[in-house]
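> Sequence:
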Amino acid sequence: MNINISAITNILTAIVNIINDISNIVFDIRKNTFANAKTAIAIMNIEVAKAYNTTAVANI
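Residue 0 is where the sequence shown starts when you use numbering that gives the first Met the number 0, and the numbers rise one by one after that.
By construction, these hints were calculated from the structure, which means they are not laboratory data. Heads up, some of the hints might be wrong.
[Said to hold, decoys possible] Here are the simulated EDC-like pairs of lysine to aspartate or glutamate, each with C-alpha atoms no more than 16 Å apart in a straight line:
hint	residue 1	residue 2
1	K37	D27
2	K30	E46
3	K49	D20
[Said to hold, decoys possible] Label-pair distances were calculated between CB atoms; the ranges are:
hint	residue 1	residue 2	range
4	T8	A34	20 to 26 Å
5	I42	T8	17 to 23 Å
6	V25	I45	26 to 32 Å
7	I4	V47	33 to 39 Å
8	N3	I28	19 to 25 Å
9	L11	T32	18 to 24 Å
10	I7	I42	29 to 35 Å
Beta carbons are placed, not taken as given, at the ideal position from N, Cα and C, and that holds for glycine.
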């Protein structure tokens with residue numbers, strides 16, 4: 000079983016980024032800046048996709 004440490008690091012980094020994005024989205028929505036919130040959601044979706052792809056690499 001070959002564990003790719005860089006893949007695990009990438010996944011953890013992506014999770015941290017996603018948590019930060021969620022807090023930014025909540026902050027933007029509370030300020031009623033929905034354009035910023037939509038942008039943050041789009042960025043978060045990209046990070047989720049990257050994390051998913053990294054997980055696939057780690058499972059090989």
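> Given the range 29 to 35 Å, decide if the beta-carbon distance of I7 to I42 lies inside it.
Given about 22 Å between the Cβ atoms, the range is violated.
> Does 26 to 32 Å hold as the CB distance between V25 and I45, or does it fail?
With Cβ atoms ~19 Å apart, the hint is violated.
> Does the Cβ pair N3, I28 satisfy 19 to 25 Å?
36 Å Cβ-Cβ, so the 19 to 25 Å window is violated.
> What's the verdict on K37 and D27, does the C-alpha distance respect the 16 Å limit or exceed it?
Within the cut-off at roughly 9 Å; holds.
> Could you see if the CB distance from T8 to A34 stays within 20 to 26 Å?
About 33 Å separates the Cβ atoms of T8 and A34, which means 20 to 26 Å is violated.
> With the threshold set at 16 Å, check whether the alpha-carbon distance from K49 to D20 stays at or below it.
holds (14 Å)
> Taking 18 to 24 Å as the hint, is the beta-carbon distance of L11 and T32 inside that range?
violated (29 Å)
> If you draw a straight line from the CA of K30 to the CA of E46, is it 16 Å or shorter?
Violated, at about 24 Å.
> A range of 33 to 39 Å was offered for this pair. Does it hold for the Cβ distance of I4 and V47?
violated (21 Å)
> Look at the Cβ atoms of I42 and T8 and judge whether their distance stays inside 17 to 23 Å.
Holds: the Cβ-Cβ distance is about 20 Å, inside 17 to 23 Å.
Hint check: violations occur at hints 2, 4, 6, 7, 8, 9, 10; the rest are consistent with the structure.
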